[in-house]
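Turn these sequences into a full structure, and let the hints guide you.
8 protein chains.
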Amino acid sequence: MKISEIEEIIRRHSAGEMNAAEAARKIKDLSFEDIGYARVDHARAYRQGFPEVIFGEGKTSQQICGIFEKLLARGPNVLITRTNENVYGDIRNIYTDAEWHESARVIRVIRDKTELGVGEITVVTAGTSDIPVAEEAALTTEAMGNRVKRVWDAGVAGIHRILSERELLQNSRVVIVVAGMEGALPSVVGGLVAVPVIAVPTSVGYGASFGGVAALLGMLNSCASNVTVVNIDNGFGAGFVASLINRKMMVDG
Amino acid sequence: MKISEIEEIIRRHSAGEMNAAEAARKIKDLSFEDIGYARVDHARAYRQGFPEVIFGEGKTSQQICGIFEKLLARGPNVLITRTNENVYGDIRNIYTDAEWHESARVIRVIRDKTELGVGEITVVTAGTSDIPVAEEAALTTEAMGNRVKRVWDAGVAGIHRILSERELLQNSRVVIVVAGMEGALPSVVGGLVAVPVIAVPTSVGYGASFGGVAALLGMLNSCASNVTVVNIDNGFGAGFVASLINRKMMVDG
Amino acid sequence: MKISEIEEIIRRHSAGEMNAAEAARKIKDLSFEDIGYARVDHARAYRQGFPEVIFGEGKTSQQICGIFEKLLARGPNVLITRTNENVYGDIRNIYTDAEWHESARVIRVIRDKTELGVGEITVVTAGTSDIPVAEEAALTTEAMGNRVKRVWDAGVAGIHRILSERELLQNSRVVIVVAGMEGALPSVVGGLVAVPVIAVPTSVGYGASFGGVAALLGMLNSCASNVTVVNIDNGFGAGFVASLINRKMMVDG
Amino acid sequence: MKISEIEEIIRRHSAGEMNAAEAARKIKDLSFEDIGYARVDHARAYRQGFPEVIFGEGKTSQQICGIFEKLLARGPNVLITRTNENVYGDIRNIYTDAEWHESARVIRVIRDKTELGVGEITVVTAGTSDIPVAEEAALTTEAMGNRVKRVWDAGVAGIHRILSERELLQNSRVVIVVAGMEGALPSVVGGLVAVPVIAVPTSVGYGASFGGVAALLGMLNSCASNVTVVNIDNGFGAGFVASLINRKMMVDG
Amino acid sequence: MKISEIEEIIRRHSAGEMNAAEAARKIKDLSFEDIGYARVDHARAYRQGFPEVIFGEGKTSQQICGIFEKLLARGPNVLITRTNENVYGDIRNIYTDAEWHESARVIRVIRDKTELGVGEITVVTAGTSDIPVAEEAALTTEAMGNRVKRVWDAGVAGIHRILSERELLQNSRVVIVVAGMEGALPSVVGGLVAVPVIAVPTSVGYGASFGGVAALLGMLNSCASNVTVVNIDNGFGAGFVASLINRKMMVDG
Amino acid sequence: MKISEIEEIIRRHSAGEMNAAEAARKIKDLSFEDIGYARVDHARAYRQGFPEVIFGEGKTSQQICGIFEKLLARGPNVLITRTNENVYGDIRNIYTDAEWHESARVIRVIRDKTELGVGEITVVTAGTSDIPVAEEAALTTEAMGNRVKRVWDAGVAGIHRILSERELLQNSRVVIVVAGMEGALPSVVGGLVAVPVIAVPTSVGYGASFGGVAALLGMLNSCASNVTVVNIDNGFGAGFVASLINRKMMVDG
Amino acid sequence: MKISEIEEIIRRHSAGEMNAAEAARKIKDLSFEDIGYARVDHARAYRQGFPEVIFGEGKTSQQICGIFEKLLARGPNVLITRTNENVYGDIRNIYTDAEWHESARVIRVIRDKTELGVGEITVVTAGTSDIPVAEEAALTTEAMGNRVKRVWDAGVAGIHRILSERELLQNSRVVIVVAGMEGALPSVVGGLVAVPVIAVPTSVGYGASFGGVAALLGMLNSCASNVTVVNIDNGFGAGFVASLINRKMMVDG
Amino acid sequence: MKISEIEEIIRRHSAGEMNAAEAARKIKDLSFEDIGYARVDHARAYRQGFPEVIFGEGKTSQQICGIFEKLLARGPNVLITRTNENVYGDIRNIYTDAEWHESARVIRVIRDKTELGVGEITVVTAGTSDIPVAEEAALTTEAMGNRVKRVWDAGVAGIHRILSERELLQNSRVVIVVAGMEGALPSVVGGLVAVPVIAVPTSVGYGASFGGVAALLGMLNSCASNVTVVNIDNGFGAGFVASLINRKMMVDG
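Protein sequences appear in the order of chains D, S, C, E, P, R, V and A. Take the first sequence: its position 83, counted from the start at 1, is 80 in this note's numbering, and no numbers get skipped. Take the second sequence: its position 212, counted from the start at 1, is 209 in this note's numbering, and no numbers get skipped. Take the third sequence: its position 104, counted from the start at 1, is 101 in this note's numbering, and no numbers get skipped. Take the fourth sequence: its position 162, counted from the start at 1, is 159 in this note's numbering, and no numbers get skipped. Take the fifth sequence: its position 88, counted from the start at 1, is 85 in this note's numbering, and no numbers get skipped. Take the sixth sequence: its position 132, counted from the start at 1, is 129 in this note's numbering, and no numbers get skipped. Take the seventh sequence: its position 45, counted from the start at 1, is 42 in this note's numbering, and no numbers get skipped. Take the eighth sequence: its position 64, counted from the start at 1, is 61 in this note's numbering, and no numbers get skipped.
No lab work stands behind these hints, which were simulated from the structure alone. Please note: incorrect hints may appear among the correct ones.
[Unchecked claim] Derived lysine to aspartate or glutamate pairs resembling EDC-like cross-links, with alpha carbons at most 16 Å apart:
{"no.": "1", "chain 1": "S", "residue 1": "56", "chain 2": "A", "residue 2": "54"}
{"no.": "2", "chain 1": "P", "residue 1": "56", "chain 2": "V", "residue 2": "99"}
{"no.": "3", "chain 1": "V", "residue 1": "56", "chain 2": "D", "residue 2": "99"}
{"no.": "4", "chain 1": "C", "residue 1": "56", "chain 2": "P", "residue 2": "99"}
{"no.": "5", "chain 1": "A", "residue 1": "56", "chain 2": "R", "residue 2": "99"}
{"no.": "6", "chain 1": "E", "residue 1": "56", "chain 2": "S", "residue 2": "99"}
{"no.": "7", "chain 1": "P", "residue 1": "110", "chain 2": "P", "residue 2": "139"}
Only a predicted model underlies this, so the values are computations on that prediction, with no experimental measurement involved.
Spelled out as structure tokens, the structure:
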């Protein structure tokens, strides 16, 4: 909800064009729509710079399609995460050019490709099995107007693999590091670069990895000071924050 | 270690001025000094944009003073975290204008106050007891060349307290939110702004707060997508990353 | 078992109408019936103001139907929780007007709609996926004679969504808040109202939400003093306690 | 902040007596006072029916006395929890009739003894070592205008001890049960009464009690449906909620 | 392996009937048979008073039948735990009179019903869903020559249900108490009787019961001193120990 | 409370010698005395075969002495656990012949040495640091009329140390095994004997022993079926149960 | 990557046969091949003495076959772990003599059987269900050129079973001990031998074994000083390290 | 206990020089001495290649000195770990040349410096605060006859620090890596070398390091296959195993 819209409503109220109750309801309507089982937050795009993303898990294809149509009508780019190929079939009936990203389980519509970032975002994985989460991050940053570099399978037990990408890393504005098992890669990357590193623990591993807890703890205790952490497997969140960091100017600027 | 310095060494080796072994040792010396119990990482300022900070916990005053003198000789600003007033007494004998920040337990020298950030950084606490950790964050960002705004005691159980600062928050380039107990404040702040929010769980609380674990989990599971998390009580780390996000241009630019 | 019933038995024993052993057995029979695999607690309705509810999980349809028939004979309203549509088919053969509530997985018979509460109970959810647990709570309170208001999808990352319901909340006698992920909503609601808030953590979330533990810890550590907590996903328990709080007068009054 | 006060400000603004900016600031001032290290929430008494209580842990005697004087000026009853006898010495210099409760570590001023509850609140402990937490609960409820009954040392391993108080329990409007070790007492009490039971786990125990976690889990998993739980050792919270449940009428009534 | 058998071997060696190597091997053969994937411990019956029981989980029907035949040849009573009805079909082909206990998932052969105990063993459950584990305990004690009493569904939220069995409990030589959820029943029973109580936590429960951990912790922290605990769902272990406690005389007597 | 005492009261009531209210109070008085901060459970000796033991932790010397005098008046043997030498000084002023056991931190009075057990109880420790807990167990069993054998420092890493005591173990009626670190000894002992083994985990260990949790888990998961477990460091509980197992005849016999 | 290969490249660069950029790329190519979704680490065989093993879990048969063919071309012996019989079908189409090990779920090619070890490696299990993990360890050590002895089902509850193998154990150069439940066997074996013992916890067990955590903690807290631990169920890792310990000479020797 | 000694005893028994009971006792005496509070395991030196080390924690100076004198009499080298300077004062009265190692808190006597290893052992730390644990490891390996190299403060956030020691590492027979915080260094070292790596987590760290648990989990989940792990802070254990790996020949060889 933009301040100018609110000011307009207040002005009309002061001008006697509507009473206080009407004004209050109108202001409220600006910010979200109550559609029974959800309060669609139309103000979020203004507040956060990107419309709501559809988290597909636990929603029926019908529900996803309903929300998709509404979001499609309001903004050029739409993201559906944690979904599946069946939903994609239904989505294509609505919008033919929607993309299906198998490994990340993401459906994406990109109609506006304006570059909004000041630099590049690099996404790194420790192993091959971390790629799905990393792709979710990469696809998100692209949808938010960023150039992305991908470095897959560069875990610390073969340290030369990440060292060979040192220059690429040092030229990035943000680095996202996705790792399971011991979660050591963010510390190594953090020591190599002078920019923020966003660490994403994955649930990859077995035995005492406890579904990503070992990696999560490793990352929280990183000896590199430029590392922050998001939830286990939360590729979307990492991509979202990286995009905010890389954004050319602030919304209110 | 700057690339130009290495190139110079390689050039002299090619010119026959030194053999391969000598060249290798010289390159290695550029990056760190082995002083027995520590490998002082002189390259870190280059790599990360700020010299090593002295983590005071578990070091004797004598050790801290030794490292302090070396760092003081190499850069204008120095930070000593998790220290105490006795150490401050010794430090003042070395450098009279060092500052002592009681609540944050930080000693600080700021000789270069050039502003390096594109915008302001705001530091928020949920309660009064979170202030020490928040001050550590604020003092760090200042020492790294940023303007900082402080908002203390604005926890969610009195939601109007944070809402009254909405404008200040929305004009920030980064927001650091420091909270113990249930760690709910970052989610609320995250929903209000379009910039990265760095959440710092504190060990404040009792009973089932488990020394900050409840707050940590709350922050990792935040329903706001622009929140990343650092370790419990790690005010320094939050301030460090916030400074990197706010930095005007990249090191290699 | 009512004290008057016991007094009657004792009186008859004193009058020589039955011996001590008979009296003891009769008193015991008042309180529960031993039907082999269960001791049906007929005294509970007296002691707690509502007959036993059938917890459907792990019971066969046949067992549920058996208990249902007995309870139906003793009281007007019956609740079956954590059940499924197949059981509903069988139940309808017994009592045609039984209701099936899909999302909450509850079967309900309401024949007595006398209002027993002094005020209204409001049930709030943070997200759409918390609705099943919230519905279990709401359906329970209705079956126990209360008027209920529902506020769905009002999580803290869009704080205006809950603020817009402030008046409704402040006019309630009890508020039930159902939330997964970081479990922050009860603290915000707790700060807005002057009545008891019952927090229900849900197992909604992923990664480090640990099946509701993050939300549970957040709620236990709430900085609002009027919040108490029930077990993860225990919508029934929350609805039950809310009804006891809202009850017009005490049983023994 | 009362609605009438806000309406008055708005009225004066409409009457041209102050501009919008002034009106906004005045409304904000109604709700809290920013005194640097704390935002004193004057609106809480209105919103929650009791002024802020001073949580003494981690505050200096000077800080506590400062806040105490302010609260004393605004309301008749004041509570300081988790404090010590030295602070009491300083408090008595301010207000001679303040009470010192050794076992609960509570300082209390009660100048208004109007009874506000519809019935009695009973506080029960499982063991002798649970008494300090139980006293904190009992003293809180008294300060909030309730009659309180105390039942100490009635743990389940001598079940006749709690059964002998059955009548007392059944005549209460709320029961607070305080227990450490296995935390079993709330389930037994919950089965005996038809009113809400608030369970308070204590950190009493050893070995695998894990500082109250065993008791907390026991209470959360109670097989009695009328039990809700507060944080470990949180006697104040239990007393606060019990008072809200027992309150004669609602604030807005 | 009986001492007399070893003495015989040593005697024959001393008599020159076999050399040391032969004697050593023979002694070793007395104690176990190495059949490749298992070392069948024939000495256990001697050492522990009951032959090895077949733990069915993770074994094929063929493997179970193989072991069953061997054990059947050596002793009158055989127990197969954690098995299923298909295995029972195969077992019946070997021994027609084998019993199938559906709820406990136990196959049992009892050919020797000699009573070996000094008193009775009582098995109690808190709820109906605890019965399978309790039956495993009861069937074990019967197979080991004990008289057993069963008390089902006597949880603490309806305390009169267990109190009505007080006499039965007090006449037992051992009591096994099986409970999930908060695991409170063993403490109550422990306070009623003067004999050992063996507590068996079950994985029954939901939310924060954590698969039986809540019950386990409750039992370990029991305020009754006569309670010991076995692993979650370990009905067999409880029955085994109860039988050893109740045994008329010691093996070596 | 003996049944004969209750029958006498009932008889007198029937004879008109006292009214129902008087009878009820008298029956209640038989079972415990309410002395304000504690309900002294005089019925426990009858119910459990041993008077209440004084758990010294968290009690003042004065409180302990008060309770000691009362217990001394009622029974020949008294035990004070988890106490210190200062308390012993005060206790000796009351009863000169009280014993002080330094390592177990136990004060003991034994005036009745009648042997009540059918056999011997053996107490074993894995290491030297487990002795204090083991002594608490041994002193308890002696005070309850048992003969005790002690085997110290026989941990599994030197397996011959426990094997050399095989005969002693096999002649015991019960074995108590006390171990910290990995808690493996009870499994080995359990495999050697045909009697109940009570395992006591101790908080001895470091690193990932987590204050006894590693030992506790090891014991709960013992592959020997005759092992039950008590709480960490709970030597008294182990001794108490061992005595009940070894008891010659039942109370009600 | 062998040092001689790098020296050759550098020599050619010095000789002017290739420029610095070419030399750098060539050196990098020596160490790994970037094939998009993986960086195949050809240098690992040199660095660690064995080529990369294919961890089958989460890979398609097609992916496994692709990697298998490449590895087969570079070295004589190849191992595929955590795979299944379907993959084996596909692998046999590539290499007919590949072995399928059902219980360990391992596919193996051994073309070079040169013995590389100084002594024998013994693999021991506590129970029958630990055999799959133990076989994974044994098959690995064989593939790496070692002689292996297997001792199955020798858990501590029948201590004579492991004692009877004492001589075998004491003649080994390394012992791998695989155990679930309480994980006690490594401590016993550790006490019997003078060589390194590698402990492998398995997820075998139930209730409070927590998927191998109990065994893991037991092994980490072993009272035998010669025990080190690998991750739960990590038979491959144990076999790999055991082979390195047993290796006749060092790579660089 | 050497086999030859036992054979001699058996031979004398066969020769009629002593009866069976005498023979048994003599064999038992060979292996350990029961000195009341401890069973001194004289056979361990034979079985494990090094006499028992004195673990100083929780022992009085007097006890330590007593054991020290006995061990000093039996072998040339003695180690006392986790002790303090006061004990050292007492030990010097017994043996003047004992060494005191402040940072490791170790007292050491080395009279036999024969080199027993095939190669060198390298001990590495991630940070300065890990040195005490690393020194315990290094001093142990020296006392067991090994040459040791120390590399301090080479954590992964400055990856060039460990890379500069690559050659040293690759020439070692075993590497011990000591690290707190995220415990990432063993994985990096493991990838660089072809020998066993023993990882020692330390309790260094704060917040979510949980006293070394984060480092422990990181090491157990290492993506390098040549890493095994010992308990938190267990420098002695790591040094002990490293010595066994490096040992020139086996005891029984």
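Given the hinted pair residue 56/E and residue 99/S, is their alpha-carbon gap at most 16 Å? holds (15 Å)
Take the C-alpha atoms of residue 56/C and residue 99/P, compute the straight-line distance between them, and say whether it is at most 16 Å. Holds, at roughly 15 Å.
Can you confirm whether the C-alpha distance between residue 56/A and residue 99/R stays at or below 16 Å? Judged against 16 Å, a Cα distance of about 15 Å means the pair holds.
Compare the distance between the alpha carbons of residue 110/P and residue 139/P with 16 Å, and conclude whether the hinted pair is satisfied. holds (8 Å)
Checking one constraint from the list: CA of residue 56/V to CA of residue 99/D, max 16 Å. Satisfied? holds (15 Å)
Taking only the CA atoms, is the gap from residue 56/P to residue 99/V under or equal to 16 Å? This hinted pair holds, its Cα atoms lying about 15 Å apart.
With the threshold set at 16 Å, check whether the alpha-carbon distance from residue 56/S to residue 54/A stays at or below it. Since the Cα atoms of residue 56/S and residue 54/A sit roughly 24 Å apart, the hinted pair is violated (cutoff 16 Å).
The structure fails hint 1 only (numbered hints given earlier).
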